[in-house]
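Trainee: Take the given structure of chain A and dock chains B and C to it, following the hints.
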Amino acid sequence: MSSPPQERTANPARSLLAKFDLTDMQSGVWLVLLAVMAVGWILAGPNFVGGGNLTNIAVRAVPLGIVAMGQTLVILGGSLDLSVAYLISVVAVLSAFVMDGDPANIPLAIAVGLAVGVGVGLVNGLLVTKGRANPLIATLGTGLVMKGLLSSRFAAQTGSAPREFQLLGYGRVWGFMPLSILLLLAVFAIAWWLTRGTRFGSHLYAVGGSKEIARLSGVRDDRVIIGAHVWCSLTAAMTGLFLVARLGAGAPWIGPDGIYDLESIAAVVVGGTALLGGRGGVPGTLAGALLLAVLDNMFNALQVDGFLKSVLRGVIIIAAVASYALRSKRKDVDIA
Amino acid sequence: MSRVTSAAESPRPAGDEPLLKLAGISKSFREVEVLRDVVLECPPGEVHAIVGENGAGKSTLVKVVAGAHQPDRGTMTLDGRAVSFHHPRQAQAAGVSIIYQEFNLLTDRTVAQNIFLGREPTRGPLIDRRRLEEDTVALLEQLNVSGSISPRAKISDLSVAQQQIVEIAKALSFDAQILIMDEPTASLAPPEVEALFEIVRQLRERGMLIFYVSHRLKEIFALADRVTVLKDGDQVATTDIGSLTPDSIVRLMVGRELSDYFPELAAPDDIGEVRLRVRGGSNQHISDIDLELRAGEIVGLAGLEGSGRTEVAEAIFGVEPFETGTIELDGEQVSIRRPRQAVDHRIGFVTEDRKTQGLVLPRSVLENTLLPLRTLSGHDRREREAVHEVAEGSTLTMQLAERVDLRAASLDQEVRFLSGGNQQKVVFAKWLASDAWVLLFDEPTRGIDVGAKAGIHDLMRGLAKRGAAVLMVSSELPEVIGMSDRIVVMSHGRIAGELEAGASEADIMLLATGQSNGDGPDVRHPAEEVAAAKTAQEDQAAETAEATADSELSEVTSNPHDDQMGHDPGEVSG
Amino acid sequence: MSDTTKPADEGRVPQRQQPAASRLDRFGGHALEHLKASAPILAVLIVIFAAIIYLNPAFLDPPVFLAFLRRAAPLMILAAGQVFVIVSGGFDLSVGSLITVTVVVAAAITEGDPDALIPVMMLVLLIGVLVGMVNGVVTTMLKVPSIITTLGMLLILRGAVFYWTGGSPTGALADNFRQFGREAFDLPVIGQLPYAAIIVIAVAWIATRLLHRTAFGHQLLATGGGARAAQLTGVNITRVRIIAFVLSALSAVIAGILLAGFAGVSAQVGQGYEFRAISAVVLGGAAIGGGRGSVVATVIGALTLEALFMLLNLLGLPQPLRESVQGVIIIGAVVYAGLRLQRSGG
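Here the protein sequences line up with chains A, B and C, keeping their order. So in the working numbering, the last one in the first sequence is 451, and the numbering has no gaps at all. So in the working numbering, the last one in the second sequence is 578, and the numbering has no gaps at all. So in the working numbering, the last one in the third sequence is 576, and the numbering has no gaps at all.
Treat each hint with caution, since some may be false.
[Stated by the list, open to error] Listed below are the simulated PhoX-like cross-link pairs for lysine-lysine, each with C-alpha atoms no more than 25 Å apart in a straight line:
no. : chain 1 : residue 1 : chain 2 : residue 2
1   : A       : K326      : A       : K245
2   : B       : K359      : A       : K326
3   : A       : K326      : C       : K373
4   : A       : K326      : B       : K158
[What the hints assert, rightly or not] A partial selection of chain C residues facing chain A, derived with a Cβ cut-off under 7 Å:
no. : residue
5   : L381
6   : A390
7   : P550
[To be verified] Computed Cβ-Cβ distance ranges for the label pairs, DEER-style:
no. : chain 1 : residue 1 : chain 2 : residue 2 : range
8   : A       : A270      : C       : I283      : 27 to 35 Å
9   : C       : T468      : B       : V391      : 27 to 35 Å
10  : A       : L146      : B       : E327      : 34 to 42 Å
11  : A       : A434      : B       : E504      : 55 to 63 Å
Keep in mind that the hints were calculated from the coordinates and are not lab data. Heads up, the beta-carbon is just placed ideally off N, CA and C, and yes, glycines get one too.
Only chain A is shown next, with the shape it has when bound in the complex (with noise of 0.2 Å):
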């Protein structure tokens, strides 16, 4: 019911600032992009900005794009989904082992797969908004039952990709664009679309906006929210799908070895997306994968340890939520 626009707008100057602090976190991010990549290539020489490099940053960015632009939907909507990295794990698993290597068994891993993203997705929205529970507690539930399942079934990779579908993972069209980027890009059109074009994703600004308003609009909140999960849960096992293809086989370890929860959050954060919900928007967080992957490839040009880079991409996940944190006025956002 009650908006602050008053106090939001009173003060010319304090609504500029509100501007300015959007513009900055949404495109903003892209211009770090670029500054990071002109960084690297100070620091890593003219190859690192050279055609073949620029292509393996973007494949590198694929599996952690496609479920950040499922997290985009779900932190929009106000919620979060911790249990993303056992997902990719569980759908890798289950698709390689339904494939077993033969490519009449493609259609149908691929349909397994994601029903059960869907079916996850279900769960974790209904428990969110019919079960009321907290999203964080409740995702991580979730993900905990998938890694419990997963473990005790599987132990070793499981399965295996036949070459076809390993196409997916390699291929490459017109000689040079690499059929990974182009299925990144394919899941950043349809989360734009959803977001920008139907009136689900008006709603799912709203509710993510404020609840209250949204359901005096006759928003069907709930609903809204359980399909943004959905969403978020089919990128899952679209990367999930990814991975198989791109390792040939499902590995039990592949999700939690990625830290894809935390990573797709902080991929979102980065991208300006509002950790409360209702602002931002996938281009962000496409960015926000890139930048990852481009601090990752340049640390590997570098030759930074491994571990050290998972240090530092700690401090920079951090650095990132604090300068938007600090920019923005809004008071609550210490909660979860």
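Mentor: This is chains B and C only, laid out in the frame that chain A set:
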């Protein structure tokens, strides 16, 4: 009680049929009747002002029409059909829209997205963006603002006046026949007000019925066709504006019933040394505040909404401290940069918003009461605990609970389950426990039902009698006059003047509106002159009396647990 | 006293529910309250214990039971720390990796040298304080949501451990360092009393006093329940929240020291403990978002979780499925809490 009824004398019975007909509308909240038997017939194409004092029931009335409240009795007929709304959205769909003071707009979304939220035009699975924007532009054109407001503008980039226009456009998009505007000019600058009037008149021309809730009589005379005056839930008049003068409206509105009880003011002997002295206090909201609070007295701080009253209390308490100037406590200069330091210096602050600022809702009565004591260092704590002559937390709380006449199931009850009046008593107990001797009250009885108010007033007087220095910020003039041993009036962030106990509403208004310096004898009008003074200041007089009515009522609604509490005036202060 | 309409549910003068317990309750908690908060989880614990005893009567033998307690000790301590952060309105996800840091650092530095005991203890406790301070300062002053802060800290600590050790920690822990988690007093009747059990009781007792009996705990609960109101009542909310993070980190260090006694030195030793600790707190009925929680119930929650794992073990459930069950349980607990709060009209 004279009720002038409508149809016969209505200047413009434009349609044959009234657009809206209310018959015998009554509404109670927890056995307190806030609206009694309202009868109204309004034709289309009318601006109908609704005026009344704080708590008169205006807000409840319009919320009933808008479907936010359901009446206990009575019927509503819209366009000849009986209607009963269970949800604001039903009313909206039926053509009744309401614009609250707090807009229902998503600040991070665009104008078009806000207007059509939940009803976005689609083409296939996609939002038809072009139509969305065209429809928005069409609506804005109707209001002649399509040049200044883009459908793609983000709400947070618009001025308050523009946001209000977006709200109006949103109402238009629902094909509203009835538009309710609740204090629409509260935060508008004069030219913006004029622009808004233009729009309202234009809507009237188109046959819309507009309910205009306002305390600004000047605006009502500029805009309204008819006026309904409410007082304590009764419809005292509904009549053509031409048959009224500002004077007569005020007379209909005010005239409190004798049920209002205030404890006796302080005797001269009761008032002691200066306890708190502020000199030249300024920050970004207020400037040159010179203020003295003496032991044993209650100083009322009056002024219009936004004149800086609350900000003075907040500055003293260190919420938004003075940037320049000094604060002395018992003659000693102190520095108060944050609330903690104020608590250390035995200052207590009873905030206007109990629920988020006064109490930790999920914690018990006991814990809330002892919280300020617990923030103190060991030495200070022991010193103050010694005052109570009980070392035992629960015994102390029990004593204080008795002293403030708290009614709770147990001291372990979470305060969120208490009624508004009892919650406020816990806040009192809290500062009693910490032995605060400078007490700042911001709207101490807002949102508290009539029965409990007198109890709060008694407690305040009791505190003063025991030597506390009390500052009371209040929008209710009767409360200011009834409680204050001295009245300080603020205007535009400055102290406009000071009045002795027993000053009239008119005295206060003259100062609040910057018409008098407050020291001359000319401000003290005999009773007969009051009306005359009001002719000049009537709108502001009403304004202040009115400023808080709506929040008060909404507080009542949102707090169904408010009890109606028995109360013995003599007990606590004795 | 005029008696106009008085709601039936509100008595005339508030009565303490148990006035006799008053000596101890100056700061607003008492035995009954702990019992009330712990009752649901205690009931669950008793049921699980009964099932374990049914399946394995030897569980009641003091050595077996005490061995179980010894294994449960680290989680109980960790949960007792975590509850401080959760009642203040945040989360601490960095504790698992802090456990790892404790074990790995201690091993690498002492290299089995018993004389290094005191300095090493000081060092790991200092690391704990430092990590807690950083978590707290970043969360409160830089306004980073605690989940991001502590997940970031998790990454940092984990990366640091791997970087420092190359993934395979070296060194060894001196026996006197391992004694805390491993050794036991010989007692006449019950046989052996593990140090760990004593440490758990001490930590739980201190934590209970701290949260429910001190001004600090009182202020912390108030901060979690309504930060603004607490602040306007004089609470330094930044300070109390930072202290909560420090306490949580210290509990992780202590848990790490105990774990070192029987878990051996590895870079994965603390993995998963952060989620187990949060599960224990949720099981103990603390409100996610702050303002409500009990140390006693939380510690019982941790014990229940460990007992459950044991029961599942006895039932022949594969080890990994423990986590699935844990997931189901915390979902159940949080949904139960959410729906109950909704029903009570909160």
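Trainee: Each hint should be assessed against the structure and marked as holding or not.
Mentor: Status of each hint after checking the structure:
| no. | hint | in the structure |
| --- | --- | --- |
| 1 | A:K326 / A:K245 | holds, 15 Å |
| 2 | B:K359 / A:K326 | holds, 20 Å |
| 3 | A:K326 / C:K373 | holds, 23 Å |
| 4 | A:K326 / B:K158 | holds, 19 Å |
| 5 | L381 | holds, 5 Å |
| 6 | A390 | holds, 5 Å |
| 7 | P550 | holds, 4 Å |
| 8 | A:A270 / C:I283: 27 to 35 Å | holds, 32 Å |
| 9 | C:T468 / B:V391: 27 to 35 Å | holds, 29 Å |
| 10 | A:L146 / B:E327: 34 to 42 Å | holds, 37 Å |
| 11 | A:A434 / B:E504: 55 to 63 Å | holds, 60 Å |
Violated hints for the displayed structure: none, as all numbered hints are satisfied.
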